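For the sequence shown, counting from 1, position 218 maps to 218 in full-length UniProt numbering; every step adds exactly one.
FYI, nobody ran anything at the bench for these hints, they're computed from the structure. In this text, all values refer to a predicted model and were calculated from it rather than measured experimentally. It cannot be assumed that every hint is accurate.
[Said to hold, decoys possible] Okay, derived cross-link-like pairs now, EDC-like style, lysine to aspartate or glutamate, Cα gap no bigger than 16 Å in a straight line: (1) 95 x 389; (2) 438 x 401; (3) 379 x 361; (4) 149 x 277; (5) 224 x 164; (6) 434 x 401; (7) 598 x 581; (8) 224 x 165; (9) 434 x 164; (10) 111 x 615; (11) 448 x 401; (12) 415 x 132.
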Amino acid sequence: MGTSTDFFPYVYVSCISRLCRLNVCMSGSATSCEECLLIHPSCAWCAQEDFGQVRTLNSRCDFSQNLQKRGCDAPFIESPRSGSSLLRSKPLSSKGSGVTQYDVIQIYPQKISLSLRPGDQTSFEVQVRPVEDYPVDLYYLMDLSLSMKDDLDTIRNLGTKLAEEMRKLTSNFRLGFGSFVDKNISPFSYTAPKYQDNPCNGYKLFSNCVPTFDFRHLLSLTDKVDRFNEEVQKQMVSRNRDAPEGGFDAILQAAVCKEKIGWRKEAYHLLVFATDDIPHLALDGKLGGLVHPHDGQCHLNDKNEYSAANKMDYPSLALLGEKLAENNIFLIFAVTKRHYVLYKNLTALIPGTTVEILDQDSKNIIQLIVNAYNNIRSKVELSVWDHPEDLNLALTATCQDGQPLTGLRKCADLKIGDTVSFNVTVDARGCPPKGTRKSFTIRPVGFKDRLEVSVDYHCDCRCTYFTKTNSSRCNSAGTYSCGMCRCEPGHLGVRCECEEGEVDHQHLSACREAEGKQVCSGRGECSCNQCLCYESEFGKIYGTFCECDDFSCARHKGILCSGHGECHCGECKCHAGYIGDNCNCSTETTSCVSDDGKICSGRGSCVCGRCQCTEPGAFGDTCEGDQCESGQTDDSNTVQCVYKTENDCVMKFTYSEHANGQSILTALKEPECAVAPNAMTVLLAVVGSILLMGIVLLALWKLVITIHDHREFARFQSARSRARYEMASNPVYKQSIPFHPMETDFHMHSIKSCNGGVH
């Protein structure tokens with residue numbers, strides 16, 4: 001059921017005037033089968049003994065099809081693929097309750113095995129179907145702090161009514177009950193002696209309540225709902241000091257104390273948490289001196305009370321979510337409206353949790369529980385447990401609309417009996433130590449059903465099981481493994497046939513094509529009188545003296561042999577249908593066929609897939625056009641033609657054929673060429689146009705200024721006429737007094753007379 005996709009990776013690097021494509025398998029310089037497999041999931045190893053022995057350091061690590069082309073037989077190719085196999089695959093059930101409820105299957109398959117090669121993805125499908133009429137266990141956990149007194153009065157007959165409603169959804173329903181307040185230490189509760197027996201002592205609104213407690217398990221899950229009513233009616237409220245409650249202590253104990261609570265394995269587990277305030281969280285306990293973090297264990301004593309309340313801190317959200325998921329419990333927050341947003345945010349941090357608004361007196365509790373149950377049953381979400389760190393997992397959900405949703409592991413708005421599927425893709429990032437087997441589990445949140453996945457790793461090659469030391473294939477001087485020899489120190493050669501010190505000038509001369517030439521053409525090593533050619537990232541180097549390769553041939557537009565041939569020792573060997581030094585010339589004539597079915601209209605030849613017209617006057621892609629017309633001259637055997645030169649000159653001539661087969665061309669007149677315009681005329685025209693345009697613009701500018709000035713003067717005249725005043729009516733004007741000289745003399749004489757009288 002697993003799949004693996006083959007693809008062939010090449011690395012593109014910038015080369016001088018061309019783009020080079022490199023084979024990552026061969027460029028990785030793998031010296032063993034295991035190293036080869038780690039380079040890339042598409043790389044394969046050839047373990048055939050005689051592969052690449054003829055004068056080449058032939059790489060045994062390459063793509064599988066390349067190895068076969070180079071002579072490696074398929075049975076000797078090591079190329080393991082990732083895959084999966086079913087180990088347990090019981091079909092999905094459709095109904096939950098009844099005599100077969102213990103065999104209900106809601107996930108398919110139930111167990112699979114994965115074999116992973118690093119980097120090679122495999123995938124498998126998981127199907128989930130929530131069955132109808134599945135058993136339900138509901139544990140009601142209630143806040144019994146003083147502010148919940150009216151709620152306690154409301155739920156005293158809750159058991160009977162709730163059972164009636166739930167039996168409409170399942171025929172197998174059980175109900176349990178527990179309560180909580182807070183840790184009975186300061187500063188969370190009243191600890192003075194007078195409050196020990198009655199923390200409501202002196203409280204005017206309600207003066208009698210039971211001692212403070214953290215969590216108390218009151219009724220194990222039972223189908224006798226009257227027991228629930230009886231237990232609720234016995235309860236009284238208590239009192240704590242601060243606003244937050246110790247409810248998370250209670251949730252964790254209700255989740256992990258499976259035997260005492262009575263959770264059934266084959267049932268939905270619902271935990272209803274009813275409160276009107278916020279919870280204490282981890283680290284709050286330090287305020288009361290509780291420095292030990294919660295251990296996540298059950299601590300109910302013989303009285304079914306939480307015995308470690310004053311010893312450990314409150315649980316963290318992470319621990320709470322882990323224990324709820326571990327025990328397949330759906331948590332339902334039933335909270336008052338003013339705290340809805342807080343608890344809604346908590347649902348994002350605790351998988352399998354939902355929140356509903358609780359009325360102040362809990363009157364809507366039954367409908368709240370039914371709504372929450374329906375909401376839970378309408379969702380399927382996968383969770384992964386014990387996920388190995390070296391594995392990559394990706395999930396794609398396909399919900400009821402059939403559309404794949406990449407990256408999602410959840411489906412919503414389902415109906416009971418709907419089947420949803422999830423595609424799980426897995427790949428390993430590396431190889432663990434040999435013999436390592438790992439596993440992980442996939443579970444729908446809140447379901448008991450699970451898919452167990454075991455994992456082993458394809459990091460070894462089969463050929464290594466046949467490794468032989470001191471093998472005769474290696475002249476008893478090396479270890480033979482996977483087709484090649486690993487020589488002992490002091491020995492050389494493909495089969496360890498030479499010893500160090502044997503290589504001298506005489507042996508090197510056998511590796512030169514001619515005297516003065518480089519050893520092995522500078523592209524290989526001389527080993528035991530023969531050239532072993534290097535591997536090149538550009539292609540294959542071969543030949544007795546490494547003088548040949550498959551990448552030094554002619555190219556067309558940067559493509560070796562135009563992509564229509566193979567390069568052999570510097571020469572392109574063209575594929576069928578192509579010719580030429582670089583195989584760029586097609587012998588196909590389809591593109592040369594004209595509408596009349598003839599090659600080049602019978603007026604030319606097809607060369608490299610294009611028409612070359614040979615008849616005078618013929619032109620066009622298939623030589624279908626004609627530049628010559630008959631019947632234009634006195635001689636019926638003569639045609640008149642028109643020819644346009646590269647300089648746009650038109651030449652008219654006649655064409656005829658002599659009886660001896662000689663072609664006769666007769667020019668009718670001189671070529672008619674387009675006359676270029678006079679440069680001075682063009683210059684004067686341009687200058688004149690510019691001057692004329694300037695004069696026109698100046699005239700327009702003068703006209704606009706004149707009109708503007710006239711308007712401004714008229715506006716001034718109008719303002720001046722409005723500003724004239726009558727002299728008598730001008731408030732700042734006074735009439736001048738006329739000047740009389742005689743009066744002045746009289747006044748001066750009088751002054752003098754007076755002055756004279758003084759003396």
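For each hint, the structure was consulted:
Under the criterion of a C-alpha separation no larger than 16 Å, the hint pairing residue 95 with residue 389 is inconsistent with the structure, at around 37 Å. A C-alpha spacing of about 35 Å is found between residue 438 and residue 401, which places the hinted pair above 16 Å, so the restraint is violated. Proposed proximity of residue 379 and residue 361 is contradicted: the alpha carbons are some 30 Å apart, above 16 Å. Of the supplied pair hints, the one linking residue 149 and residue 277 holds, its CA atoms being roughly 13 Å apart against a limit of 16 Å.
With a C-alpha separation of about 12 Å, the suggested pairing of residue 224 with residue 164 holds against the 16 Å cut-off. A hinted pair counts as satisfied when its Cα atoms are at most 16 Å apart, and residue 434 with residue 401 does not qualify at roughly 44 Å. Taking the CA atoms of residue 598 and residue 581, the gap is near 29 Å; set against the 16 Å cutoff, the hint is violated. Between the alpha carbons of residue 224 and residue 165 the distance comes to roughly 15 Å, so the proposed pair stays at or under 16 Å and holds.
Using a Cα cut-off of 16 Å, the hinted pair residue 434 and residue 164 is violated, with the two alpha carbons roughly 59 Å apart. Distance hint between residue 111 and residue 615 is unfulfilled; the C-alpha atoms sit about 79 Å from each other, more than 16 Å. The hinted pair formed by residue 448 and residue 401 fails the criterion: a straight-line CA distance of about 26 Å is larger than 16 Å. For the given pair, residue 415 sits about 9 Å from residue 132 by alpha-carbon distance, which is consistent with the 16 Å threshold.
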